[in-house]
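J.: Starting from the known structure of chain C, fit chain H onto it as the hints suggest.
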Amino acid sequence: MEQKSLFSVISPIMAGPSSSHTAGAVRLGLMARNIYKNTFSKVIFILYNSFAATGFGHGTDKGLLAGVLGYSVDDPDIKNIFNKTKGIDYSYEYREDISRHPNSVDIIFDDKMSISGDSVGAGEIRINSIDGFSVNIDGTYDTLLLMYKDRPGMISTVSDIIQKQKINIASLHCDRDSKGGTASMYLALDIPVGDDVVEKVRQIKDVFFVTNIRKLK
Amino acid sequence: MTVLSFSELEIKCNNACKSIYEIAQENESVLSGDDVDVIRLRVLEDLLAMKDAIKNGLGSKEKAVSGWCGDDCAKLIEKYKIKPALFGKIFEKITIYALATAEENLRMGRIVACPTAGSCGIVPSVITAVSEEQKIPESEQINGLLTAGMIGLIISNKVQLAGAVAGCQAECGVASAMAAGALVQMSGGSTKEILNAAALVLKNILGLTCDPVCGLVEVPCIKRNAFLAIHAVVAAELALCGVESKIPIDEIVDTLKITGQLMSPLLKETSLGGLAKTHTAMKLEKKLYAGKSIHS
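Protein chains in written order, with my numbering: chain C, 43 to 259; chain H, 18 to 313.
There are no misleading hints in this set.
Here are some of the chain H residues that sit facing chain C, going by a computed Cβ distance under 7 Å:
id	residue
1	A41
2	E45
3	L48
4	A66
5	M125
6	R127
7	C131
8	P132
9	T133
10	G169
11	A181
12	C231
13	L233
14	T287
15	S288
Estimated spans, in silico, between C-beta atoms of each pair:
id	chain 1	residue 1	chain 2	residue 2	range
16	H	N32	C	T199	45 to 51 Å
17	H	I264	C	F251	50 to 56 Å
18	C	D119	H	I275	37 to 43 Å
19	H	E43	C	H215	26 to 32 Å
20	H	S46	C	P118	27 to 33 Å
21	C	P118	H	E254	33 to 39 Å
22	H	E43	C	K84	45 to 51 Å
23	C	N125	H	G290	31 to 37 Å
24	C	N122	H	C34	49 to 55 Å
25	C	D173	H	L61	41 to 47 Å
26	H	G290	C	S83	39 to 45 Å
Hints listed in this document are in silico derivations from the structure and should not be mistaken for laboratory results.
Cβ coordinates follow ideal geometry from the N, Cα and C atoms, glycine included.
If we strip away everything but chain C, and leave its shape as in the complex, we get (with noise of 0.2 Å):
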């Protein structure tokens, strides 16, 4: 089982007024900016059930949005981000959906890439799919992240390249849509790779997609 830090219940120190809306909102923004990582010029958030039913009163609105552009979550500027925005065409929806996470959201970013997750309680986060394929990131470890056509051989090639840099693995995850499909791989590491090394997974046969993504501070 995993081993959850007592800091998950005395923090974060943050800008109200919820932990689950607001942090936890500006906590999937920042981590979907970390995934996402190009500048971008339209944001789109899909809100689902509680996070749709008071999302606004508890600012998860200012939050998500103060995530995706960079704001801690307990930065005094969150209740004026509205202000800040330079220029970004932002927008919210609001739906029901009894399949998802109480507090859930869809992150979609220059109409190219989706980014779905929930806020799990007291500012924790999980990011649960990108671009439909499931991941489990919550934001506490540095993570590779690839997508390509399923075929034998790729987690031992990926990792590979990874042991060559003495980096070790704490967790190791596939998803795929058909054999032979598409698939999708992210590994949590103890310390994050480099640039050098997310181009070396990126020259691998059949890889089409490859980021490394930051955990969250």
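T.: Just chain H now, kept in the frame of chain C:
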């Protein structure tokens, strides 16, 4: 190393002749790879941020989005200057500090989630008020906060601490159990007394719903922080007198979890039931949320 239950924690404490806070800081040290001193510094950072939030809250009457709340703490301060509270100085300070923190939270001010932001006033008000009045040194306040953290952590291994998952049981309820444990620790109580205090709190918050009016962390959240801070004091006093919970704390936590599952989603932070569906609440909601939620 992970402590999964309170009975396991009690055995660990007894076998090693250690207090809960010692187990907590040692476990955290192993988990993070940092020295115990570093862990204690991080706890101190939280403690100081809690006190900053109280200070900021004491000096503000700024209202929040709704325009309803934000000036109740000031009312207590004014009144107690003229006529002291019936229950004395510690009662005054706990209620004032709890409201100060909770009001600072609704203004989107900087607070410490403990365990959540909606319940952020409970642990800080109890630790700070009692420490000031009883001249409890900082290191013992850190011990108190570590004890509170360990109680919250064990509960969170079984139940997600979110109103959307288990109602306010899992927010202000758990915060109150944490505060009671901290208070018993700072008063020199035993492991058994700490766990009894937490158990006594939890038995009395079962079924507590999360039905915030208009989805704001204001009604009934702000005042609930003051109520459940005092609730923690009652539990701590009983436990320190040797009163025991007839139902062991682990079974109460299981009950809390099941009660959360039985609770209708309408009463779990959706603002679709309870106080949020009263005539007055719905009138305000209509005004506040035009175009900004699934309600519209």
